[in-house]
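Enquirer: The chain contents come next:
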Amino acid sequence: MEFGQVKNIATAFPTVRWGDKAKKSWKASKTFARRQPLGAASALFLIAMTLAAAFPALLTSGGPYAIHPLESFQSPSAHNLAGTDQIGRDVFTRLIYGARISLQVGIMTVGIGLTTASLLGILSGFVGGTFDTIVQRVSDALQTIPGIVLAMALVSLLQPSLTNVMFAISFVIIPFNQRVVRSAVLSIKENPYIEAAKVIGGGRMRIMLVHILPNVVAPIIVLASILFGFAILTEASLSFLGLGTPPPTPSWGMMLSEGRQFTENAWWLSIFPGLAITLAVLAFNLFGDALRDVLDPRLRGSR
Amino acid sequence: MRKSLQFGVLALACVAVAIGCSSGSAPTPTATPKPATSTASPTATASGGATVVATPTSSSSLIQIPADIQKEMPLLAKYHWSKVDWSPANLGKGQKTYGGVLKMNQPTVPTTWDTATKFGSTTALIDTPFFSRLLTYDESLTNAFAGAGNLHKLAFKGDLAASWDISADGKTYTFHLVQGIKYQNIPPVNGRELTSEDVVYNIRRLSDGSKSGATADIYKNMESVEATDKYTVVFHMKSVDGAFIYSIVSPLNNFVPKEAVDDGSINSMPIGSGPYIAKEFVPNDHLYAEKNPTYFKAGLPYLDRIEWYFIPDPATRIAAFRTGKIDEYTYRGWNDARQLLDNCGSLGCSLYVNEQNSGSNYYFGFQMNKKPFDEPRVRQAIALSIDYPAAITALYGGNARVGFSAVPSDWDGGRMFPRTQADAPEWYHYNPDKAKQLLKDAGYAPGSLNVNVWMSTTTGSMAAEPALYIEYLKAIGFNVTPKLVDAATLRTMYNSGNWEGLLYNATISGGSDLNDWASIMETGAPSNVFGISDPKLDVLIKAQRVELDRTKREQIGKQIADYDYQNIMGRVWLPSPLFYHFTRPWVQGLVGNDVYYWSTYWGLNVLEDTWLDRTRMPAGADR
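Residue numbers (the numbering used here), protein chains in the order written: chain P, 20 to 322; chain D, 30 to 652.
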């Protein structure tokens, strides 16, 4: 099946024979790794990060809140892989649990924000007219405000908390991403099969769900992977500024902020959270790039 | 392959969703904080200093820190005492010379020069070089450098006032001004004489509650003020007020010329009768001032020029000190001080250091007229849950003092209030088991208490403090939900009393009198946001208010403090960090004090008495 030719979501995923599929998947993965080594490495990193966040007890002990005031500012060692912070909390443990916070923010933000953006983009692109004009003008207005500034304003208004951070970032990503989806919809809705669906009596909702949506899933998936990185970075930025997840919740951004004043004496407090943020965002971006290369037929010829 | 990739992404997403839905956040902490077992961390002694014996970090044995100073300076004793210059010249005892430029820093920019119309706490950090007032603090009693036992006692002396009398009934204050004082010779005052009419004009403005300044409260007991002749000002009080004479010393009481108020020039530049004349003020960047040649105190000031640079960021401030852009570094932060001592910069490490109490005691506050804090056992349990020595070690590297009171522990030289853990009341000795038992006895099962605690938006080191205290409370089954707001909002909330719990700091008000902090606990007082209502305490507070004899006022203050400790009135006191102040060795006479927060120089006229020792400057220094 080629991109843009999904006509019926019911036939998009036929019955699967798992054994054969597993072999094919493994072969496909090797092909992917060969053609997109960075993307494959990123995928492996993200899988490792996800598993670590899912099963932190396997890698850590004591929990991220356990304080040992008399063991503060211990440098990295076999006992504390990433050292301890000002009140003796194990930095490595907090990094692992911080991954959980980051993934949670990414999932909820992308889930809520991108879903809203996608629905809005599909509606706006397909319905057109006054509705489309209003949506696009409002998006224009919101896009004049830098995303981080808008997020800061929203969180300040709602008070810092993890929930409010997720809401703020979700809101911030809607304007731009609905436009991307809308542009995909605009190109799809001129296809003959859409016209045919209308002629045979297909309602708007049916056409959007059955014919439009499946054909914009691919760019949405690419957007999702990139937005994950954006969400993590924005949450870290808000936490760094004191507007994100409140202490003592282990947020990478908050850890970076706490470690900033101890750079000269306890470098590990800044380096490791910063490294975690960098690698996570990089991995999502590289994986998103690789996904785009694979899913977009216009780029396949360039490989 | 595309399908496989989609399948892989879907699988990854499912796992990620499972994580997101599993617990939603990190697990509930179960680890019990370990009690402090080490005795290595320095603790304040009864005489006011660390018990840690200094261990030289340098092989040099030529510079010996005086033993009594060692006790007062735990940071220096522990880290780099050898980098401090203890020579007599650096203690301000050399031959005073005229001339030179002093470069200073301020972390905050003054928001007004007219403190009668706008809250001017940032102004009060920097206004004494430009303005005069009736009384000023006596900096001759300063800090440990003048002798270990010679800590600041809130003594004051005349500034504009040559002398003053208090009537026998305590209701009339008569101030006799120094004659021949002139305003600075700049427009719009052009050097005219300052008389009692100017004093009366300013007092009436400062006491006007309709204005937005913060000084009206100082004059709440004042019935009227009048100029009986050209150099005499008389205050008539409604009732005896033992705090009044101390309150009017506050640097918030800027005396500004009427002409500068009328033409608005006071809004852009400081204009007064002080030792320095402001020449250039660029907010958020710098303020330059030059010597006032017609200053009324003969022979003063010594410096030709002072340059202030507004540097809010601590890292930038350290860098500026290291590179010689500024000659003194002042701000709270033992960690900043340690970094500076580790790397002093290109001008070398011969430094003059002052360690001072922050004057700002942190506390966990609660409403005593609401459950569960109306129950004394709950309050006692909170205090018992915190390991103070361990907290001081972890949060401040040992460089902090435990408050036990709204008054900083060495505010009075350690004469009245306990300063050490050993002196602390029963409830301030870590005992989580007893804390749990008290909560149980009070009818609260472990984990059943849930309180919203408001605190200001925390970044940097402040995030560690609430995190530590929250864990201590959780360990005894007292759950805290932190509520973050910005500092201004927290201040508004504090004043409203509309909160359950608060992590905040108590500071001595601009009046800086013993009764100021005691009045917060008085039934029905506007500043009583803790719901405190205790008849016995009210009797003591009222008695102190009308007592004019300083010694007797202090004795009553001790009784009030003791009562507060034993009954935990509205606040459990937390450790407060020490502040550090460094100056280059050629800067003489710039001594701070042990009393006041934010700035070493709050209310002191030290800059009129500061001079530069050129023999200690590096070659080519542009001073």
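Among the hints, erroneous ones may be present.
[Claimed, not checked] Restraint ranges, calculated between C-beta atoms of paired labels, are given here: (1) D:520 x P:54: 57 to 65 Å; (2) D:520 x P:138: 37 to 45 Å; (3) D:521 x P:182: 20 to 28 Å; (4) D:554 x P:159: 49 to 57 Å.
[What the hints assert, rightly or not] Residues from chain D that keep clear of chain P, each with C-beta distances beyond 12 Å, as calculated: (5) 191; (6) 211; (7) 219; (8) 296; (9) 343; (10) 367; (11) 423; (12) 484; (13) 496; (14) 503; (15) 504; (16) 510; (17) 523; (18) 642; (19) 651.
[Claimed, not checked] Below, a sample of chain P positions facing chain D; criterion: calculated Cβ distance under 7 Å: (20) 84; (21) 88; (22) 91; (23) 105; (24) 106; (25) 176; (26) 179; (27) 265; (28) 266; (29) 267; (30) 277; (31) 283.
Simulated from the structure, these hints should not be mistaken for laboratory data.
Just so you know, even glycine gets a beta-carbon here, dropped at the ideal spot from N, CA and C.
Enquirer: Could you run down the list of hints and mark each one as holding or not?
Expert: Status of each hint after checking the structure:
Separation of residue 520 of chain D from residue 54 of chain P is about 59 Å and conforms to the stated range, judged on CB atoms against 57 to 65 Å. Between residue 520 of chain D and residue 138 of chain P the C-beta distance comes to about 43 Å, which sits within the given range of 37 to 45 Å. Roughly 24 Å separates the CB atoms of residue 521 of chain D and residue 182 of chain P, a value that falls within the hinted 20 to 28 Å. At roughly 54 Å, the beta carbons of residue 554 of chain D and residue 159 of chain P sit within the given window of 49 to 57 Å.
Against the 12 Å criterion, residue 191 of chain D stays outside the reach of chain P, whose nearest CB is about 48 Å from its own CB. No beta-carbon of chain P is positioned within 12 Å of the beta-carbon of residue 211 of chain D; the least distance is around 47 Å. At roughly 48 Å from the closest C-beta of chain P, the C-beta of residue 219 of chain D stays outside 12 Å, upholding its exclusion from the interface. No beta-carbon of chain P is positioned within 12 Å of the beta-carbon of residue 296 of chain D; the least distance is around 30 Å.
The non-interface label for residue 343 of chain D is inconsistent with chain P: the shortest C-beta to C-beta separation is roughly 7 Å, within 12 Å. The Cβ of residue 367 of chain D sits about 7 Å from the closest Cβ of chain P, inside the 12 Å cut-off, so the non-interface label is violated. Not every beta carbon of chain P lies more than 12 Å from that of residue 423 of chain D, the smallest distance being close to 3 Å; the non-interface claim is violated. Distance check for residue 484 of chain D against chain P: the nearest CB is about 9 Å away, which does not clear 12 Å, and the non-interface claim fails.
At roughly 4 Å from the closest C-beta of chain P, the C-beta of residue 496 of chain D falls inside 12 Å, breaking its exclusion from the interface. At the 12 Å boundary, the C-beta of residue 503 of chain D falls inside the reach of chain P, the nearest C-beta of that chain being 8 Å off. A beta-carbon of chain P is positioned within 12 Å of the beta-carbon of residue 504 of chain D; the least distance is around 9 Å. A cut-off of 12 Å between C-beta atoms contradicts the statement that residue 510 of chain D is not in contact with chain P; the least separation is 9 Å.
The claim that residue 523 of chain D is not at the interface with chain P holds, since no C-beta of that chain comes within 12 Å of its own (minimum 16 Å). Even its closest Cβ contact with chain P, about 30 Å, leaves residue 642 of chain D beyond 12 Å, as expected for a residue assigned away from the interface. The non-interface label for residue 651 of chain D is consistent with chain P: the shortest C-beta to C-beta separation is roughly 28 Å, beyond 12 Å. With a cut of 7 Å, the hint placing residue 84 of chain P at the interface with chain D holds, because the nearest CB-to-CB distance is about 4 Å.
Interface restraint check: residue 88 of chain P against chain D, minimum CB-CB distance 3 Å, threshold 7 Å, status holds. About 5 Å separates the beta-carbon of residue 91 of chain P from the nearest beta-carbon of chain D, less than 7 Å, and the hint is met. Look at residue 105 of chain P: its Cβ gets to within about 4 Å of chain D, closer than 7 Å, so that hint holds up. Given hint, residue 106 of chain P at the interface with chain D, holds; its Cβ is 5 Å from that chain's nearest Cβ, closer than 7 Å.
Hint on residue 176 of chain P is violated. Least Cβ distance to chain D is approximately 11 Å, over the 7 Å limit. Among the interface hints, the one on residue 179 of chain P holds; its C-beta lies about 4 Å from the nearest C-beta in chain D, closer than the 7 Å criterion. The interface hint given for residue 265 of chain P holds, since its Cβ lies 5 Å from the closest Cβ of chain D, which is under the 7 Å cut-off. Nearest Cβ of chain D to the Cβ of residue 266 of chain P: about 4 Å, under the 7 Å cut. The hint holds.
A distance limit of 7 Å between C-beta atoms decides the matter here; for residue 267 of chain P the minimum to chain D is near 4 Å, and the interface restraint holds. Contact between residue 277 of chain P and chain D, as hinted, is supported at the beta carbon level, the nearest pair being about 5 Å apart and thus within 7 Å. Interface restraint check for residue 283 of chain P: the shortest CB-CB distance to chain D comes to about 5 Å, inside 7 Å, so the restraint holds.
Of the numbered hints listed earlier, those contradicted by the structure are 9, 10, 11, 12, 13, 14, 15, 16, 25.
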